[in-house]
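If you want the building blocks of each chain, they are given just below.
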Amino acid sequence: MTTSGTPRGMLFSAALLFVAACQREAPALPETNELAERQSKWRTSTLEAGTTTRLEITPNPYEGDVREIAEGQRLYSWMNCAGCHGTLGGGGIGPPLADRDWIYGGESMQIYQSIMQGRPNGMPVYEGKITVQSAWQLAAYVRTLSADAPSAEAEATQQGPTDQGTHTGGRP
Amino acid sequence: MTGWQSALDPAGVGGSAVAALWWAMLAMATLVLVAVLAALGWSLARHLRITAVADPIAFAARTDPAADQQATRWVGVAVIATTAILLVTFALSLGTSRAAARLAVDGAAEIEVTGVQWWWEVRYLDSLPARIVRTANELHLPAGRSIRLRLRSRDVIHSFWAPNLHGKMDLIPGHDNYLWIKAERPGTYRAQCAEFCGVQHTKMAMAVIVHAPEEYDAWLAAQREPVRSPADSVALAGLRTFEAQPCATCHSIRGTMAYGQAGPDLTHFARRRTIAAGERPNTPAELTAWLLNPQGIKPGNHMPKVPLAADELNALVAYLSGLR
Ligand SMILES: [Cu+2]
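Sequences listed follow chains A and B, in order.
Residue numbers are given in our numbering: position 4 of the first sequence equals residue 4, and the series is strictly consecutive.
Our numbering runs 172 ahead of the 1-based position in the second sequence.
Among the clues, some could well be false.
[Unchecked claim] Going by beta-carbon spacing under 8 Å, a handful of chain B positions derived as facing chain A:
1) ALA416
2) THR421
3) HIS474
4) LEU480
5) ALA481
6) ALA482
[Said to hold, decoys possible] Every beta carbon over 12 Å from chain B, so not counted as near; a handful from chain A, in silico:
7) GLU71
8) GLY122
9) PRO150
[As the list claims (entries may be wrong)] Quick look at which bits of chain A chain B covers, simulated, 3 or more residues with Cβ under 8 Å:
10) 92–101
11) 123–131
Just so you know, these hints were derived from the structure itself, not from any lab.
C-beta atoms are modelled at their ideal positions from N, C-alpha and C, and glycine is treated no differently.
Produce the entire structure from the sequences given, and follow the hints as far as they go.
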């Protein structure tokens, strides 16, 4: 067992907590140039929508980082993503983002591209309107929206092949 | 005790009432302290007298109904005095609240102050929407007029506190709080967020400028004007940069293509005294530092570092410094 419970143990745990809390406050952001470099490694267009295999998959530097995800959440409402995709990604003018059903792919990098380059059926281009860093924060947040959604296969076996590919309106 | 952020240097009706209450409570607390110290001194002296008695234990064990009665009487006096002090302070603080509440008048101008992590949005309301002025990080008030402040928050609870002018009041998300305020002495004061609201809470302040009434009206009229297009080419390049870069997504400048609402309005930015909610003086050098790395000056704040080329940066600074 641990020493917590004794006054000294409690003091020690408190100090540990304190130190941990301090670390949370200092955002360790990758340099913006590094972010731009990651971005430039990818192809900017493919002929078919939703290719996942041919693009080099670049991980989101902010994946799982609560501070950056919170910043992404703020941007999601500031940049009016909510206006088209719904407050929690439930969908509206734009497709739902809170399910596992992606048109252009649900990898961080693909979401990043959906945001920065836009998508033909009404997704605006955000390149130049937000920083590279903001786009990664948004992508990290968007990925959390579907974290609790059942996987595509699980949903398919549950419902049978129904409205695959139609993306208007909210979630069923 | 004087200063631009001091409750003891009142410059408004609410502030004077708070200062009067503060001094009254200090006087009472001083009296109580003196009385308690006197009682302590007396009992110490008495103890010395008792230890001088040949057999202190026997002395302590003796029964002395007269002394007991006297002690009971003193306890009674202390209880009555404590109750009286409580009641008097209660009455005084009620009086302070009433002094501030009496400021309400019909047809007073209304100013909306919205707390945002970690800056202040200020809107000078008007029945004509086109005359509403939206600015940030500075509150201007006319001396001698009652003003109704509408306090709101966009995210978490903040608190508006300009100690020279009034007591605190919280800014609560989803709820409007109202604070009547009447400044009396023209000058520059400082307001500070007084409710912990996140990493940059300490750096969420603003200047409160109290003008003579005519001066205030002139200031407000000037704020209503959109900005003129910059004359020199560097500043013009700055405007183009501002519109082409992410800046315009977050900031608004009336009379340009910048409509962003996420960050402070920058329409008459060059007239403001500070940058980043009171954190730095508004000089070209400080502005350059802010644009180079806002996260270095206020780590965790919601303005990202926008990568800028040197000429873009210079142009932006020239343009923003000319927004008078
Ligand atoms: Cu605060």
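Contradicted hints - numbers only | 4, 5, 6, 7, 10
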